[in-house]
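Student: What follows is each chain in one-letter form.
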Amino acid sequence: MVPVQMNPMATQGLTEMYRQQRAMVDQAREIQQASKAGPVETTQSVSGAGAVKGSGFGDLFNQFVGEVNEKQLASTQAANDLLSGKDVPLHQAMIAMQEAGVAFQLMVEVRNKLLEGYQELMRMQI
Amino acid sequence: MLSLNILPGADSAASAIQAEKVRMEVISQNIANANTTQTPEGGPYKRQVVSFETIIRNEFDASNAVHEVRVAGIEKDGRPPRLVYQPGHPDADPESGMVEFPNVSVHEEMADLISSSRATEANLAIIRTARQMAMQTLAIGKG
Numbered sequence: 000m001v002p003v004q005m006n007p008m009a010t011q012g013l014t015e016m017y018r019q020q021r022a023m024v025d026q027a028r029e030i031q032q033a034s035k036a037g038p039v040e041t042t043q044s045v046s047g048a049g050a051v052k053g054s055g056f057g058d059l060f061n062q063f064v065g066e067v068n069e070k071q072l073a074s075t076q077a078a079n080d081l082l083s084g085k086d087v088p089l090h091q092a093m094i095a096m097q098e099a100g101v102a103f104q105l106m107v108e109v110r111n112k113l114l115e116g117y118q119e120l121m122r123m124q125i
Numbered sequence: 000m001l002s003l004n005i006l007p008g009a010d011s012a013a014s015a016i017q018a019e020k021v022r023m024e025v026i027s028q029n030i031a032n033a034n035t036t037q038t039p040e041g042g043p044y045k046r047q048v049v050s051f052e053t054i055i056r057n058e059f060d061a062s063n064a065v066h067e068v069r070v071a072g073i074e075k076d077g078r079p080p081r082l083v084y085q086p087g088h089p090d091a092d093p094e095s096g097m098v099e100f101p102n103v104s105v106h107e108e109m110a111d112l113i114s115s116s117r118a119t120e121a122n123l124a125i126i127r128t129a130r131q132m133a134m135q136t137l138a139i140g141k142g
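Taken in sequence, the protein lines are chains A and B.
Numbering-wise (numbering that gives the first Met the number 0), the first sequence opens with residue 0 and increments by one.
Numbering-wise (numbering that gives the first Met the number 0), the second sequence opens with residue 0 and increments by one.
Worth double-checking, as some hints may not be accurate.
Using 25 Å as the maximum straight-line C-alpha spacing, the simulated PhoX-like pairs for lysine-lysine come out as follows [to be verified]:
| # | chain 1 | residue 1 | chain 2 | residue 2 |
| --- | --- | --- | --- | --- |
| 1 | B | Lys141 | A | Lys112 |
| 2 | B | Lys75 | B | Lys20 |
| 3 | B | Lys75 | B | Lys45 |
| 4 | B | Lys20 | B | Lys45 |
| 5 | A | Lys85 | B | Lys20 |
Rough simulated footprint, nothing fancy, chain B against chain A, three-plus residues with beta-carbon under 8 Å [said to hold, decoys possible]:
| # | segment |
| --- | --- |
| 6 | 80-92 |
| 7 | 96-108 |
Some chain B residues judged to face chain A by a derived CB distance under 8 Å, without partners named [claimed, not checked]:
| # | residue |
| --- | --- |
| 8 | Ile5 |
| 9 | Ile16 |
| 10 | Ala133 |
| 11 | Met134 |
| 12 | Leu137 |
Since the hints were derived computationally from the structure, they do not count as laboratory data.
Quick reminder that beta carbons are idealized off the backbone N, C-alpha and C, glycines included.
Bound-form chain B, shown alone (with noise of 0.2 Å):
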């Protein structure tokens, strides 16, 4: 059955903000752990970057394509730790007194947090424009 098209760019929109909702948590998880020294393989927390990547809906027909995004993968940012002398930290180096923080700087996060914010709320405007757009057509005639 043709499925009735309403709202053009939901789709799209949507998937999209699937994407920044993971994004987001992605942020969230880095700023929770950006005082972590331990983790279960060792060593301090490293930072998460996401990624995304395009995927096509209905690749065999190029006037119904649909773009749609979706997370390629979560990969560990590889930048060395913070180093801070601090002897008394349980994880300190015995010999320096170095203690190894995680690479994640809070500054970066939150200039982060706002774009995918701001991400988010562009594809929310495209749902809501798209529903004004029907139902001012829907109004065609009248007044």
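One chain only, chain A, in its complex shape (with noise of 0.2 Å):
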């Protein structure tokens, strides 16, 4: 079992290297353009994470890491709040950290999968 991860700064970190590699993917989509003896019509910028024009899924990634990190703060804020004697109740304590252990591995799954899919591709022969 992969270790419960608490820490909100590791979600930074992940999105931090998710913006790294949209980085990549947009630098590798030029290059494939500018390979097609064409000029190239759309330069899409890169300015941060989410910025990118029609990339529906990058949207969504974004929105879906922001939404763990929500979690991870709620789990370390109810663990905050419970070791410092306010009235949270113990379960429901546990049950955000559960929620954002169990949130953060399905990021980190769909990262994976990301990454494995753009090693593939960066492997194949032209």
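Using the hints, put the two chains back together into the complex; each one sits in its own frame.
Tutor: In structure tokens, the structure reads:
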């Protein structure tokens, strides 16, 4: 079993990783378009995650990462409240932690799949 | 924002655990006061009974409605107090020597306690199973 990540910073690191990955994908796309012996019609600007127009999945994944981050923050908040003696039921805190853990795991799986697909494409002989 | 429903059933189970917690507190009160003959309102302690009720969250969205449990109220048990002959007791009736003890039966409370504990266990099993299901689903295609 993969240990449950409790650190919201890890999610932010992942957002950064995803951003870099998107930049790489876009670079690859530009190279591909340039090699098609035609002028590049649309240059896509990469100024940050979610700024890429027309990438439905990118936006969706970005939103998903945000949601996972929110769950992590909620779980941290619940744990903090519990430890500082606020009136938070133990089971609510535990459920929040587990939920954050499973959501994080789901995100990691999606990212793994994405990276796998990208690497598969990069290995392809043209 | 559409919130991610990672653990199905966790909300209902959590509300049930909360309700069982209240029930357990009341059972504890009953057992603690099983021999209390004086109360602020006079007379012996009266056994307290918890009743639960269903509340529906997202009532207007049939596909997403969640039936949760909450404590409807804590009522007093109307059964008569237990009469024990103890002439030396400070609360004894001066004429008959009978003392009114609470209408709490410790055996009954213990049975309720076990029932409450088992109900909590069942709800925890739901959460545990939901988590297991999610993790097993995430392992599709591995190994």
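Student: Which numbered conditions among the earlier hints are violated in the structure presented, ordered from lowest to highest?
Tutor: Result: no hint breaks.
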